[in-house]
Amino acid sequence: MNTSPLFPKVKGLLHGGDYNPEQWLDRPDILEEDVRLMKQAGVNTVTLGVFSWSVYEPVEGEYHFEWLRKIMDRLYENGIYTILATPSGARPAWLDAAYPEATRTSMKRIKNLHGLRHNHCITSPAYRKLVKKMDERLAEEFGSHPGLILWHISNELGGECACDLCAEKFREYLRARYHGDIQELNRAWWTTFWSHRFNDFSQIDPPVAHGEKSIHGLNLDWKRFTTVNTRDFLEAEMAVFREKTPDIPITTNFMHLYAALDYNQMAKPLDVISWDSYPRYGNPDVSLYDCSVENAFDHVTMRSFKKDRPFMMMESVPSLVNWHEYNKPKRPGVHRITALQAIACGSDTVQYFQWRKSRGSFEQYHGAVLDHLGRSDTRVFRDVEEVGRILKSVGEVAGSVVKAKAAILFDWDNRWAIEDAAAFSNKTKKYEQTCIQLFGLFVKNGVEVDLISSEESFGDYRMIVAPMLYLLKPGVAERMKKFVEGGGQLLSTYITGYVDQSTLCYLGGFPGDGLTELFGLYTEEIDTLYPKEQNAAAFLEESPIQGTYRIRDYCEIVKPLTASVLAVYNDDFYRGTPVVTAHSYGAGKAYYAAARLEEAGMEAIFRQMWQDAGLETKALPPGVEFHRRIKQGAAYDFYLNYSDEEQTVEPGTAVDLITGKAVRGKAVLPPLGVMVCRVQP
Amino acid sequence: MNTSPLFPKVKGLLHGGDYNPEQWLDRPDILEEDVRLMKQAGVNTVTLGVFSWSVYEPVEGEYHFEWLRKIMDRLYENGIYTILATPSGARPAWLDAAYPEATRTSMKRIKNLHGLRHNHCITSPAYRKLVKKMDERLAEEFGSHPGLILWHISNELGGECACDLCAEKFREYLRARYHGDIQELNRAWWTTFWSHRFNDFSQIDPPVAHGEKSIHGLNLDWKRFTTVNTRDFLEAEMAVFREKTPDIPITTNFMHLYAALDYNQMAKPLDVISWDSYPRYGNPDVSLYDCSVENAFDHVTMRSFKKDRPFMMMESVPSLVNWHEYNKPKRPGVHRITALQAIACGSDTVQYFQWRKSRGSFEQYHGAVLDHLGRSDTRVFRDVEEVGRILKSVGEVAGSVVKAKAAILFDWDNRWAIEDAAAFSNKTKKYEQTCIQLFGLFVKNGVEVDLISSEESFGDYRMIVAPMLYLLKPGVAERMKKFVEGGGQLLSTYITGYVDQSTLCYLGGFPGDGLTELFGLYTEEIDTLYPKEQNAAAFLEESPIQGTYRIRDYCEIVKPLTASVLAVYNDDFYRGTPVVTAHSYGAGKAYYAAARLEEAGMEAIFRQMWQDAGLETKALPPGVEFHRRIKQGAAYDFYLNYSDEEQTVEPGTAVDLITGKAVRGKAVLPPLGVMVCRVQP
Amino acid sequence: MNTSPLFPKVKGLLHGGDYNPEQWLDRPDILEEDVRLMKQAGVNTVTLGVFSWSVYEPVEGEYHFEWLRKIMDRLYENGIYTILATPSGARPAWLDAAYPEATRTSMKRIKNLHGLRHNHCITSPAYRKLVKKMDERLAEEFGSHPGLILWHISNELGGECACDLCAEKFREYLRARYHGDIQELNRAWWTTFWSHRFNDFSQIDPPVAHGEKSIHGLNLDWKRFTTVNTRDFLEAEMAVFREKTPDIPITTNFMHLYAALDYNQMAKPLDVISWDSYPRYGNPDVSLYDCSVENAFDHVTMRSFKKDRPFMMMESVPSLVNWHEYNKPKRPGVHRITALQAIACGSDTVQYFQWRKSRGSFEQYHGAVLDHLGRSDTRVFRDVEEVGRILKSVGEVAGSVVKAKAAILFDWDNRWAIEDAAAFSNKTKKYEQTCIQLFGLFVKNGVEVDLISSEESFGDYRMIVAPMLYLLKPGVAERMKKFVEGGGQLLSTYITGYVDQSTLCYLGGFPGDGLTELFGLYTEEIDTLYPKEQNAAAFLEESPIQGTYRIRDYCEIVKPLTASVLAVYNDDFYRGTPVVTAHSYGAGKAYYAAARLEEAGMEAIFRQMWQDAGLETKALPPGVEFHRRIKQGAAYDFYLNYSDEEQTVEPGTAVDLITGKAVRGKAVLPPLGVMVCRVQP
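As you go down the protein sequences, you meet chains A, B and C in turn.
Residue 681, in this note's numbering, is where the first sequence stops; the numbers in between run on with no holes.
Residue 681, in this note's numbering, is where the second sequence stops; the numbers in between run on with no holes.
Residue 681, in this note's numbering, is where the third sequence stops; the numbers in between run on with no holes.
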């Protein structure tokens with residue numbers, strides 16, 4: 001267990017956020033007040049430079065960094081460190097006027113006009129050259145500033161571009177992928193269907209609605225290419241800093257389960273993972289607990305990209321955002337518990353977008369520590385101060401990590417392939433929600449679980465859940481077999497192993513690529529239920545699992561070969577046929593849930609699996625989330641009570657880091673209460 | 001009664017479907033298995049070549065037909081006939097690269113990129129030339145193949161193109177239609193309104209949302225032109241085969257009530273009508289019976305295009321499709337009853353899209369006889385086998401037809417004009433649904449009815465229903481009068497005779513063009529009801545029809561001249577004014593239903609009309625559909641029980657062709673049971 | 001009180017409508033019939049020439065006015081006056097063919113094709129030149145015709161154009177607005193956010209979705225520019241007539257609360273305000289009374305543009321329109337009461353679109369006095385005749401006006417800024433509905449109220465309601481203070497004073513620009529409620545206002561400084577904090593309603609304000625609307641009973657102008673009954 005804090009210079013956890021002083025250069029009084037209030041709020045880090053290009057370089061070739069140096073100096077003198085962003089996320093007007101190729105082209109093949117953010121061609125050599133020059137200047141100017149702790153590349157990289165430059169780069173990608181052999185591509189994309197065979201790579205365009213959108217292989221390869229090209233853009237920016245400031249780590253901020261980029265790929269070159277967290281707290285249709293479990297799913301996805309170190313919550317908000325359907329302020333106590341949830345899940349930072357609200361433009365109402373009101377005697381400011389105090393008192397958790405013995409497979413390729421599949425019902429595929437729901441059962445039972453790509457090693461896990469793994473990458477089926485053979489507990493579900501990496505269906509029975517052997521069954525049909533329809537899974541008397549559970553959306557009709565039937569359908573023409581099976585395979589066991597069971601049904605199966613895998617569950621009161629972070633010689637237990645009522649937890653012998661008091665046995669958490677306990681590891 | 005089977009070479013009814021062996025040329029084992037299993041399933045015909053261009057001609061001018069010949073040969077040797085399609089429905093990539101004019105232009109005037117299907121310019125001389133060359137090659141290569149029984153032109157012709165070539169051809173069409181006189185067009189389109197007068201045909205463009213969409217005459221003529229041009233494309237393809245293989249009949253497959261082409265026009269040049277049937281069986285909001293009545297409407301529409309011969313169900317599916325909102329497999333027994341429904345309605349074929357599922361691309365999950373699983377011991381394969389057996393046992397019905405003494409008028413021009421009318425409510429016009437609902441009353445009462453264009457002869461009918469005949473083509477009103485005068489029973493409804501063929505309103509009272517005289521009334525106002533509003537029609541004590549019936553959506557306020565009032569409104573300010581009238585005219589009677597009555601109300605009127613027309617109704621149990629096919633010396637009665645319960649029918653003295661047993665008097669049909677009885681004609 | 005009728009030539013009130021005889025030039029019988037029936041219907045004015053360009057000038061430079069002269073002559077001889085429209089609202093086909101620049105370009109930057117109406121570039125010099133030439137010809141031909149009483153410029157001016165000409169004119173507008181200083185613009189638009197700084201005006205484009213839509217200042221200035229440019233177009237047309245026919249007044253017809261043009265600006269150059277009224281009468285979800293109150297809001301908005309003279313209801317319909325979701329005819333009596341409502345609110349005209357239905361094209365089913373039926377013995381014609389008779393009997397009200405002592409502020413800038421604000425919830429902002437709802441409380445209590453821009457003088461009012469005045473124009477806050485200081489009663493609400501005219505947020509507390517001092521409080525947070533959430537305002541025991549009232553949508557959390565708390569929140573974490581406050585300021589009082597209270601709550605506050613302002617309320621029966629028009633020496637009280645029941649009103653000593661009988665004390669109005677009483681002023 002050899003972990004260390006992300007930023008040795010900064011003592012403990014980071015607290016701070018995006019800071020845009022360039023908006024207030026004509027208000028030195030405000031800039032002074034900012035530093036005073038940051039200290040009051042326990043802020044020790046800010047992110048500067050996000051979207052600052054037009055101030056850095058107001059006219060091409062004319063650089064202005066003096067204002068930034070002055071601010072970084074003053075912050076540093078006041079104990080506040082700087083994360084410095086590159087400004088490539090938005091371009092000044094002069095740049096688009098001088099380099100029209102830099103502007104993005106939509107999938108309708110319409111070239112955007114200047115404006116917005118995230119509106120650059122991902123390929124454009126001209127733009128990349130300008131970005132490189134800017135990054136070199138930043139590295140030179142600030143690379144050795146003592147306050148600098150991290151480079152932050154661009155901002156929330158995303159989107160896609162279908163301009164001629166990107167289209168040509170896509171063709172190059174395809175040439176490489178298919179070894180320059182157009183027939184290999186034709187086979188992979190099954191283009192004989194609808195006479196879609198290509199004679200040459202030059203005939204291929206990005207998939208567009210007014211052209212070709214009906215080839216799943218093309219659609220999927222385009223998604224992959226966009227990730228590859230965006231990562232290429234990212235790495236091109238990183239290269240400047242790798243060369244000039246090899247000791248400064250680098251990140252870029254991710255977004256909540258962002259569908260358009262495979263974050264598994266994007267994460268690889270980074271030193272630190274960071275992401276922006278904006279759940280819809282206060283939505284009356286979702287309890288705070290459920291909303292937080294969904295947020296935990298995101299935290300854990302991020303954490304799992306780099307399991308050996310903490311991640312960063314780069315953006316969050318102490319009050320409200322301005323872009324939800326209904327923009328509600330966080331209720332009292334919500335900011336505290338959600339800030340601590342990030343830490344509990346493995347973040348070493350609580351950062352905000354933004355420190356101070358802009359006076360104008362698109363995010364003028366996005367919440368901030370400081371409002372237009374400008375006062376520190378507000379509820380929001382006091383909430384931030386409190387979080388600052390708590391972060392200080394639990395500072396020793398910095399550098400510790402969460403270790404899980406179970407994993408849920410969650411693949412971007414699979415998201416894309418399921419989303420694009422012309423089958424089932426587009427209204428009920430719900431791959432992400434299904435993963436989140438199963439993840440929630442781990443949270444509910446206090447079992448730590450990672451969220452990993454099917455390409456990652458299964459070696460350290462005792463239990464793996466692979467919901468709806470529709471697309472099997474090469475080798476994954478084989479590795480699943482080895483995992484079970486070696487004693488692992490595995491569960492797969494309906495819509496598993498239908499297609500290979502090219503979205504070609506496996507012949508000879510689903511789940512394909514040899515998985516029929518692992519699960520001891522094959523699928524003959526799949527019934528897609530209308531929302532008003534349901535079925536049920538009745539566990540057999542002889543099964544170790546008991547009960548009858550509602551089924552919605554999907555029912556596969558399976559034929560067992562060597563699997564044991566645990567439960568059968570209660571209804572419809574396939575009544576009495578298997579719905580849940582188990583198959584002993586080597587030293588482990590492979591479960592198959594052929595239908596979408598309600599949570600209680602999946603929990604019943606999981607209980608059996610946890611037990612067989614030797615994973616300890618924890619009896620948690622309703623609405624309480626638990627996590628453990630560990631480091632050399634210490635462990636930290638987090639209890640977060642999202643419920644409206646007092647809840648009793650059992651930390652055992654521990655030190656409550658927030659109060660500094662010793663705890664023995666039980667402890668009472670008030671509504672929205674948080675406890676961070678140092679315990680023996 | 002001189003009818004004959006469609007394809008004398010094939011004994012009895014056709015069973016088979018689309019077959020795409022070109023997808024499996026590298027899998028000879030699969031191709032062999034296909035033939036073996038086709039025979040097992042009782043398949044005697046397949047459709048080859050749909051979308052095969054890129055295999056026929058992978059590079060311009062380089063033809064490959066050897067594979068197809070080999071397959072047709074082997075099929076023929078095994079007793080399986082071939083329907084051969086022309087591949088014009090989708091173009092290879094090289095073609096679009098070399099002949100950009102071939103690609104379609106949307107109504108937004110944006111040229112499509114290569115891709116999809118049905119994406120060709122309807123006019124393009126270059127494309128037509130290439131298609132002609134291809135068709136000539138096909139005719140030469142396969143025209144004399146002993147296994148060939150039918151040419152299948154393209155696939156599901158449809159859509160529209162607004163490129164410059166099509167726009168210019170549209171202007172030519174208008175020049176011809178309006179005798180080169182732009183003032184005639186101005187008068188017909190009433191262009192003085194909003195200053196829309198044209199000085200020259202060259203000023204006219206296809207109707208587009210960002211240009212001119214407010215001239216109903218323009219919109220309607222564009223629809224007509226698109227039919228004319230698509231028929232022209234079809235006939236250009238047909239001409240090759242007419243010349244080279246005059247003895248091989250020709251079809252093209254239609255789609256379910258496809259709105260964009262007037263199938264009455266498209267049907268004329270064809271030898272055989274064929275269509276693709278994909279109802280939403282299993283939708284929990286629609287009973288199997290109601291769903292099947294709607295499907296019967298489509299069957300009967302198709303049957304009515306060529307009343308002297310059977311039609312073909314060219315595509316259907318034994319399990320599920322992949323493009324419904326929720327894709328449900330057919331429940332046990334549903335495939336059997338729906339396959340037999342096609343036969344009952346006058347089809348001589350049960351064909352599937354498709355024989356074997358593709359491994360990849362857009363329809364990889366569209367149901368087929370053979371799944372990716374590749375086994376024949378599946379429920380679906382057994383269902384197909386059973387249908388194969390039944391078709392064989394009822395084979396003698398081949399060539400017989402349905403004869404009806406009643407007709408419902410159903411016009412494409414009228415669909416277009418009502419749809420485009422800026423009046424009433426776009427949410428409740430429901431012309432098609434209204435026709436289907438009234439058709440359902442005939443089915444429910446076992447009365448055969450045709451679905452015909454108002455341009456067809458009324459001569460053979462005793463009763464005609466003309467719902468919502470908003471647009472009157474020239475001569476139709478006169479022929480309606482003659483029909484009634486000669487003793488016919490006629491019913492029209494609200495929104496009848498408002499406009500002439502140019503969508504100019506009739507002056508002097510609706511229904512126009514002299515129909516006020518026929519119905520003995522005129523319309524003063526029309527009230528459009530909100531969905532939460534209703535009214536009722538109360539039949540008068542002295543009326544032969546009795547009862548009070550709910551009204552929704554539309555209430556015309558009419559002034560009777562010489563009509564007898566049968567029912568009056570129960571509500572609103574026009575309470576007590578006529579809603580249903582009858583008018584004796586010559587030897588017949590003309591009914592007018594001024595409002596949208598619920599089904600029971602319309603049924604009450606129909607009962608009277610059936611009686612007066614001498615049409616025999618049949619007492620059918622609930623959920624049972626009945627049809628009679630006849631030929632020289634024989635008649636065949638079909639009973640289809642869609643209900644969940646046993647139903648007793650009364651075939652009288654007959655032979656049950658499926659069981660081969662004699663029947664006397666009553667017979668019991670199990671749920672989803674089917675009976676085909678040979679009876680004395 | 002020195003007012004006079006709008007058109008001294010016409011005796012009494014105007015009755016008539018749009019008349020398009022050019023559609024019937026080949027039907028002289030119809031043209032003769034028209035005049036006969038106009039006289040029968042009491043029509044004394046028609047509007048000619050709307051959209052007549054292609055008849056005036058069928059080929060460029062070839063003018064045909066003879067037909068129009070003939071018709072105007074005949075009408076005049078029969079006592080019917082003419083309003084003559086310029087035809088610039090729609091262009092003939094030849095014009096677009098010859099001058100492509102005249103066609104509009106959408107905000108997607110796609111140039112429209114010829115067609116539709118309102119499809120001209122607002123800037124196009126070529127088009128303006130052609131319009132000028134046409135207007136000069138009209139002025140010369142008809143300027144001295146004795147039947148001409150008013151010029152009607154174009155028709156329902158509206159929309160926007162984003163072509164290069166308009167974009168360049170927009171830049172000129174910005175250069176002028178920001179004194180040629182791009183940095184002033186950068187500051188006003190807060191462009192440092194997201195690096196959006198401009199170096200030069202030439203870099204700015206109209207705001208488009210595929211370019212820049214995220215700068216609120218840009219969006220708002222574009223709206224302002226569109227109004228300025230459209231007014232410029234209007235004034236360019238007017239200039240011709242001002243020069244050639246200085247004695248003929250000029251109008252253009254406005255549309256119901258049309259959002260895209262600031263009618264306050266558009267109204268200024270006009271001599272008379274006219275507008276087109278098309279409420280959704282008969283919608284079962286809205287009572288006739290509520291629908292009429294909303295229509296009264298429109299009438300009063302129009303009336304308030306020129307408070308010293310009557311306005312015109314230029315278009316309305318005696319039956320139904322053809323473009324509502326459900327097109328329902330007016331029920332019996334509805335035409336009478338709604339026609340009289342226009343008069344009651346200050347209109348001197350009841351005019352229709354249209355006299356006779358067109359035979360074809362887009363509005364062939366738009367209601368008219370004469371139907372395609374062509375008969376005058378219809379319900380609709382008789383309703384129009386009755387209105388004609390009534391207008392004659394109440395003719396003496398012509399020239400009188402309504403005088404109000406209260407005003408509601410209703411600003412177009414504010415509509416645009418709230419609409420564009422990225423905050424709160426786009427589903428519940430409802431600025432217009434909120435204004436209408438508060439206006440309805442005045443109607444319900446018989447208190448006349450004006451609807452004015454915040455830029456208008458507050459001098460004559462005793463009470464001002466300023467709901468959701470999000471954007472404060474320069475000087476408005478100061479004038480609000482002076483108004484209260486001088487004894488006025490003022491009420492503002494949540495979402496007031498957040499931004500200045502550039503949409504920059506006020507620093508130091510909302511409501512900004514000094515209004516915290518006026519209201520004695522500042523806003524700390526705003527809670528946006530989901531639709532299923534609510535709160536309540538509980539008035540304190542010591543408050544002069546009593547009761548507890550439901551709150552929806554918005555709750556500001558305010559901090560009182562010197563204000564008195566009248567009511568507090570009942571719920572949520574801000575329970576017990578102030579929701580309604582009052583602040584004595586100088587001789588008046590400033591109320592603040594921090595949340596969206598239900599109507600009864602606002603009415604309770606208003607009652608107190610009316611009392612303190614010395615405004616007399618009137619006890620009206622439910623469903624009855626009241627207005628008083630006055631002129632030198634006379635006053636006219638209108639009672640309109642929208643309810644389904646008889647209602648008793650109290651006109652006192654009066655003469656019922658419709659019956660001509662004297663009234664004393666009470667009078668009974670039948671359902672939909674109308675009473676116009678001459679009383680002592």
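It is possible that part of the hints are untrue.
Since the list can't tell identical chains apart, any single copy or any two copies may satisfy a pair.
As the list claims (entries may be wrong) - In silico DSSO-like cross-links for lysine-lysine, where the CA-CA straight-line distance does not exceed 27 Å: (1) Lys-108 / Lys-213; (2) Lys-11 / Lys-133; (3) Lys-39 / Lys-559; (4) Lys-473 / Lys-9.
Keep in mind that the hints were calculated from the coordinates and are not lab data.
From a predicted model like this one, the values you see are computed outputs, not experimental measurements.
* At most 27 Å between C-alpha atoms: does Lys-11 with Lys-133 qualify within a copy, between copies, both, or neither? -> neither (33 Å within a copy, 79 Å between copies)
* If the cutoff is 27 Å on CA atoms, where do Lys-473 and Lys-9 land: within, between, both or neither? Let me know, please. => Classified as neither: same-chain Cα gap 42 Å, cross-chain 50 Å, threshold 27 Å.
* **Within, between, both or neither, where Lys-108 and Lys-213 count as close if Cα-Cα is 27 Å or less** => both (12 Å within a copy, 19 Å between copies)
* **Alpha-carbon proximity between Lys-39 and Lys-559, which holds within one copy, between copies, both or neither at 27 Å** => between (66 Å within a copy, 26 Å between copies)
Violated hints for the displayed structure, listed by number in ascending order: 2 and 4.
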